[in-house]
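Chains A and B, in that order, give the protein sequences.
Residue numbering for the first sequence is 1 to 273, as defined by this note's numbering.
Residue numbering for the second sequence is 1 to 273, as defined by this note's numbering.
Identical copies look the same in the list; a pair holds intra-copy or inter-copy alike.
Taking lysine to any residue pairs in the SDA-like style, the calculated list, with each CA pair at most 25 angstroms apart, reads: (1) 267 with 257; (2) 249 with 171; (3) 145 with 157; (4) 145 with 156; (5) 145 with 246.
Read the hints as simulated data drawn from the structure, not as lab findings.
Each chain, letter by letter, is given below.
Number of protein chains: 2
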Amino acid sequence: MNIDRNAPVGVFDSGVGGLTVAREIMRNLPSEKIVYFGDTARVPYGNKSRDTVLRFSRQIIRFLKSQGVKAIVTACNTASAFALDEIRQEEEIPILGVIEPGARVAAEKTRNKKVGVIGTVGTVGSGIHEAYLKKFDPSVTVFGKACPLFVPLVEEGWLHDPVTVEVAGRYLQELREKEIDTLILGCTHYPLIRSTIADIMGDGVQLVNPAYETALELLHLLKEKNLLSSGTEKEEFPYRFYVSDLADKFKDFANSILPYDVAVTRKIDIENY
Amino acid sequence: MNIDRNAPVGVFDSGVGGLTVAREIMRNLPSEKIVYFGDTARVPYGNKSRDTVLRFSRQIIRFLKSQGVKAIVTACNTASAFALDEIRQEEEIPILGVIEPGARVAAEKTRNKKVGVIGTVGTVGSGIHEAYLKKFDPSVTVFGKACPLFVPLVEEGWLHDPVTVEVAGRYLQELREKEIDTLILGCTHYPLIRSTIADIMGDGVQLVNPAYETALELLHLLKEKNLLSSGTEKEEFPYRFYVSDLADKFKDFANSILPYDVAVTRKIDIENY
Numbered sequence: 001m002n003i004d005r006n007a008p009v010g011v012f013d014s015g016v017g018g019l020t021v022a023r024e025i026m027r028n029l030p031s032e033k034i035v036y037f038g039d040t041a042r043v044p045y046g047n048k049s050r051d052t053v054l055r056f057s058r059q060i061i062r063f064l065k066s067q068g069v070k071a072i073v074t075a076c077n078t079a080s081a082f083a084l085d086e087i088r089q090e091e092e093i094p095i096l097g098v099i100e101p102g103a104r105v106a107a108e109k110t111r112n113k114k115v116g117v118i119g120t121v122g123t124v125g126s127g128i129h130e131a132y133l134k135k136f137d138p139s140v141t142v143f144g145k146a147c148p149l150f151v152p153l154v155e156e157g158w159l160h161d162p163v164t165v166e167v168a169g170r171y172l173q174e175l176r177e178k179e180i181d182t183l184i185l186g187c188t189h190y191p192l193i194r195s196t197i198a199d200i201m202g203d204g205v206q207l208v209n210p211a212y213e214t215a216l217e218l219l220h221l222l223k224e225k226n227l228l229s230s231g232t233e234k235e236e237f238p239y240r241f242y243v244s245d246l247a248d249k250f251k252d253f254a255n256s257i258l259p260y261d262v263a264v265t266r267k268i269d270i271e272n273y
Numbered sequence: 001m002n003i004d005r006n007a008p009v010g011v012f013d014s015g016v017g018g019l020t021v022a023r024e025i026m027r028n029l030p031s032e033k034i035v036y037f038g039d040t041a042r043v044p045y046g047n048k049s050r051d052t053v054l055r056f057s058r059q060i061i062r063f064l065k066s067q068g069v070k071a072i073v074t075a076c077n078t079a080s081a082f083a084l085d086e087i088r089q090e091e092e093i094p095i096l097g098v099i100e101p102g103a104r105v106a107a108e109k110t111r112n113k114k115v116g117v118i119g120t121v122g123t124v125g126s127g128i129h130e131a132y133l134k135k136f137d138p139s140v141t142v143f144g145k146a147c148p149l150f151v152p153l154v155e156e157g158w159l160h161d162p163v164t165v166e167v168a169g170r171y172l173q174e175l176r177e178k179e180i181d182t183l184i185l186g187c188t189h190y191p192l193i194r195s196t197i198a199d200i201m202g203d204g205v206q207l208v209n210p211a212y213e214t215a216l217e218l219l220h221l222l223k224e225k226n227l228l229s230s231g232t233e234k235e236e237f238p239y240r241f242y243v244s245d246l247a248d249k250f251k252d253f254a255n256s257i258l259p260y261d262v263a264v265t266r267k268i269d270i271e272n273y
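Based on the provided sequences and hints, a complete structural model is requested.
This is the structure:
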């Protein structure tokens, strides 16, 4: 397969959360163009079944390929957990998830071999982080904890708020008692309340942000496959945003977290792909 | 059109919330059979656009008609707000929403003509309660407040919890300052935290539960159209439950709130309708 190194990278998520991954790619691979798709009509994926998430992911990949992307980042933890293995077998284009990069770094960082994972019910219940962590280091013990209120709290904008601190304190208590020394932020929204989580867990616990680790892994992968953008081709709009619903609301959220002005967001009918 | 009076009533919602409406129908119309559909693959509707909610509602109505229902209750506030008017023009079968019955009773109950409405962002933003309230009594002033954390708090099971009390106190403060004397629980999940809401609002504020009012309106409508079940036809499973995803999880929630054992829940592919 002949791939254009100056083609954009495709990034998708169930909604706005994956923008934290897009943000890390913008910061760490500034020459790369991005086509982002947020499945805002069908968000969230965290409470949906494997079959449904796999079907949604296949539609999105068909859409991103129609946009001529050279590689795809599944920025959604649930989609990475439920769909990535199968889709990689179906596609020639390189596809990265957010689970493996986070798990690899956590396995490297932990000293006491006790690693915590927080995420949606779907992600934590899938046990996917544990599977990867044990592949990298079989001696690691993994403690998972679903935190279903974190996403709505972040989307409410209560990032530094006593309610969020109380909810986080309650969710994380169990992991503190397990004396983990490394914690994977296993949901794309969680980096936005990273400081609250860090305060509760204390200095002895290292937080792993898979958004950042995935951007580094993308850099490595593109370099290895000789697909890094030459950076010579200037473009007025290097970042293109597509959603399946309510483009304006998405744009507001995007503008609040990206170091970049999102001028245009287009709504597409994802069920046609 | 010739309708069988012993046919079931169709009830649908974006997910589990509409079960509070099904529950009121079971309590107040015990001879009626029910076919319930919860769109658990695409929940929630509250943050989706009018077009998307209309499209989803049309698919569900096609499904319910395929099950031979004699009338349909749109138990979802967002679907009632966004889709009901248009769908009623397209269909011969009687279709009820949850907005109108709640608004009618609130307009009757209020003395100081200040009515509050709480619900999802979509429902409150639609202004649909205000439109109905003003139809019933133009002198009413309506104060709306979106409470996006209530649904995840209820689904987390934190019904009587300090966090829920704190969140509710914050959301409702604004309505207390407006000195409303009547409050519409404009989301199907909210009756499950009714006592917390009642405590915060105080004795001077009457709560209107549209689930109950809708069941009474259904009773009235079926009587008027001579469609009340004769109640002679016994059936082993008078209540049938369908979902678009994760049937087991739905069953657990249903069994926790219904005065009835939900033995079987079937998953269907709603996008085929």
